[in-house]
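Going down the list, the sequences are from chains A and E.
Each residue of the first sequence is one higher than the one before, starting from 1 at the first, in full-length UniProt numbering.
Each residue of the second sequence is one higher than the one before, starting from 1 at the first, in full-length UniProt numbering.
A portion of the hints provided could be inaccurate.
Treat identical chains as interchangeable: a pair holds within one or across any two.
Unchecked claim - Each computed DSBU-like pair below joins lysine-lysine, with the alpha-carbon atoms no more than 35 Å apart:
#, residue 1, residue 2
1, K53, K194
2, K37, K92
3, K92, K184
4, K22, K63
5, K92, K224
6, K195, K63
7, K194, K63
8, K184, K4
9, K63, K184
10, K220, K37
11, K194, K208
12, K22, K4
Treat the hints as calculated values from the structure; they're not laboratory data.
All figures in this text were calculated on a predicted structure; none of them were measured in a lab.
Number of protein chains: 2
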Amino acid sequence: MELKLYVDRLSQPSRAILIFCKANGIDFQEIKVEIFKRQHLSPEFQAINPLQKLPAIVHGSFKLFESHSILIYIASAFPGVANHWYPTDLTKRAKIHSVLDWHHLNLRHGAVIYLRNSLAPVLGLPLNQEAAAEGEKILVSSLSTIENIWLQGNGPYLLGSFQPSIADLSLVCEIMQLEILNEKDRDRILGPYKKVLQWIESTRNATKPHFDEVHNLLYKLKVKLSGQYQADGMTELKIQTSLTSKI
Amino acid sequence: MELKLYVDRLSQPSRAILIFCKANGIDFQEIKVEIFKRQHLSPEFQAINPLQKLPAIVHGSFKLFESHSILIYIASAFPGVANHWYPTDLTKRAKIHSVLDWHHLNLRHGAVIYLRNSLAPVLGLPLNQEAAAEGEKILVSSLSTIENIWLQGNGPYLLGSFQPSIADLSLVCEIMQLEILNEKDRDRILGPYKKVLQWIESTRNATKPHFDEVHNLLYKLKVKLSGQYQADGMTELKIQTSLTSKI
Chain A
1 MELKLYVDRL SQPSRAILIF CKANGIDFQE IKVEIFKRQH LSPEFQAINP LQKLPAIVHG
61 SFKLFESHSI LIYIASAFPG VANHWYPTDL TKRAKIHSVL DWHHLNLRHG AVIYLRNSLA
121 PVLGLPLNQE AAAEGEKILV SSLSTIENIW LQGNGPYLLG SFQPSIADLS LVCEIMQLEI
181 LNEKDRDRIL GPYKKVLQWI ESTRNATKPH FDEVHNLLYK LKVKLSGQYQ ADGMTELKIQ
241 TSLTSKI
Chain E
1 MELKLYVDRL SQPSRAILIF CKANGIDFQE IKVEIFKRQH LSPEFQAINP LQKLPAIVHG
61 SFKLFESHSI LIYIASAFPG VANHWYPTDL TKRAKIHSVL DWHHLNLRHG AVIYLRNSLA
121 PVLGLPLNQE AAAEGEKILV SSLSTIENIW LQGNGPYLLG SFQPSIADLS LVCEIMQLEI
181 LNEKDRDRIL GPYKKVLQWI ESTRNATKPH FDEVHNLLYK LKVKLSGQYQ ADGMTELKIQ
241 TSLTSKI
């Protein structure tokens, strides 16, 4: 039964699912739905996900969206996925659910608001400084919770584990989105969280070479934006055109 | 092995867990942690949940927080919970996870922002009208999604089901929090969504008499606030004192 992933590698939860499937040797067809080209708003994609959000999957005739539910479904439906990704033990599984639930209104919420508002000038959108500050507050508080609560324990992964779970992938891919900030802002926000930085490296190593391969488009965007941050005399329009036409 | 629920019946996810346990005949000890008395910030409760949020549970030596993960854990760990609450079928379970994941940044997010800002004057807090409007926008959009997408299908429950799941309980308890609004605002927001109103009634009926018993504290608060909304010459301070001392 064919597994189709509707994804955009510039979307953090899309990347988590791609890396998970590749790291577990699961065959799939990658169907690119480019957000910058507004392809997620097309009637074709709306037939897959009526909420018009990425990622989504189709497995045979079964359609599903929301990245955490997709990760859990794939980990459960495909034989051969190592138990540490989504343990069968009820208490271990419950703790992973707890991190995933926490993620939505904390790390995800903070990162999305902060990035949207920090990049607004680059994207030719109106800047809301109050919203950017609020986003940064939630983001920094979330990073502090990861550093001081979720990464407590002996192992290098969330919940003190010695091997990664779907929660590590989801949260690390969220934080990786900060790569597209200018270096100064990224260091200011992430720099104080040494365990977080080490955990990102551990997750990258545990899923190599897929981690960097799937993030490659983001790294390219980082280089492109890095040039734009430094350029003199740039206009918002130029960058917006560049982003929407070339990515 | 004893199950302890750390809850406040004025908290919507606390109520979902209480109703779930009562409807399934699960024995538990209810430990009240009163948010208005800031008991969730005490060192005793921090030892249960380092994030200082309600609800939380302790089952034997196992501690857990985040209401969706708690509902899933209890449904899985206690024999005798009917399958419809959290089906073993992978695709049905995945769809329930999808609704629960969606909930956080949509219905929950909108309802919490809207209520916090609408009730700010009553609670003696500064009113942010822009935030209240933004909250209402997210809340109304979420109700529309429930009406037009999640409640599509033949059955009266989410995903077209004929029996309720943990997702029905979680989302209905969230919407029930709107009871404490004044009647005009509540009708304006909820009135257009006929299927949603019918679904709340179906969920209430499926879990009676526990639904109303657990919501009783909220109904009392509604009556109290209703008097305050109508009273002339009330001061913010009066209501705040009333809320913090008597509820």
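Hints versus structure:
1. Taking the shortest alpha-carbon separations for K53 and K194, both the intra-copy value of 33 Å and the inter-copy value of 26 Å come in at or below 35 Å.
2. Only between protomers do K37 and K92 lie at most 35 Å apart by alpha-carbon distance; the minimum there is 33 Å, versus 40 Å within a single protomer.
3. For a Cα distance limit of 35 Å, the shortest separation of K92 from K184 qualifies neither inside one copy, at 38 Å, nor across copies, at 46 Å.
4. For the identical chains of this complex, K22 and K63 are neighbours both inside a copy (20 Å) and across copies (33 Å), given an alpha-carbon limit of 35 Å.
5. In this assembly of identical chains, K92 and K224 lie within 35 Å of each other by CA distance neither inside one copy nor across copies; the values are 41 Å within and 43 Å between.
6. Taking CA atoms no more than 35 Å apart as the test, K195 paired with K63 passes between copies only; the shortest distance there is 24 Å, against 37 Å inside one copy.
7. For the homomeric pair K194 and K63, the shortest alpha-carbon distance between copies (27 Å) is at most 35 Å, but the shortest distance inside one copy (39 Å) is not.
8. In this homomeric assembly, K184 and K4 never come within 35 Å of each other (Cα to Cα): the closest approach is 38 Å inside a single copy and 47 Å across copies.
9. Taking CA atoms no more than 35 Å apart as the test, K63 paired with K184 passes in neither setting, with 41 Å inside one copy and 39 Å between copies.
10. Taking the shortest alpha-carbon separations for K220 and K37, only the intra-copy value of 17 Å comes in at or below 35 Å, while the best inter-copy value is 51 Å.
11. When the C-alpha separation of K194 and K208 is checked against a cutoff of 35 Å, the pair qualifies only within one copy, where the shortest distance is 21 Å, while the shortest distance between copies is 51 Å.
12. For the homomeric pair K22 and K4, the shortest alpha-carbon distance inside one copy (13 Å) is at most 35 Å, but the shortest distance between copies (41 Å) is not.
Hint check: violations occur at hints 3, 5, 8 and 9; the rest are consistent with the structure.
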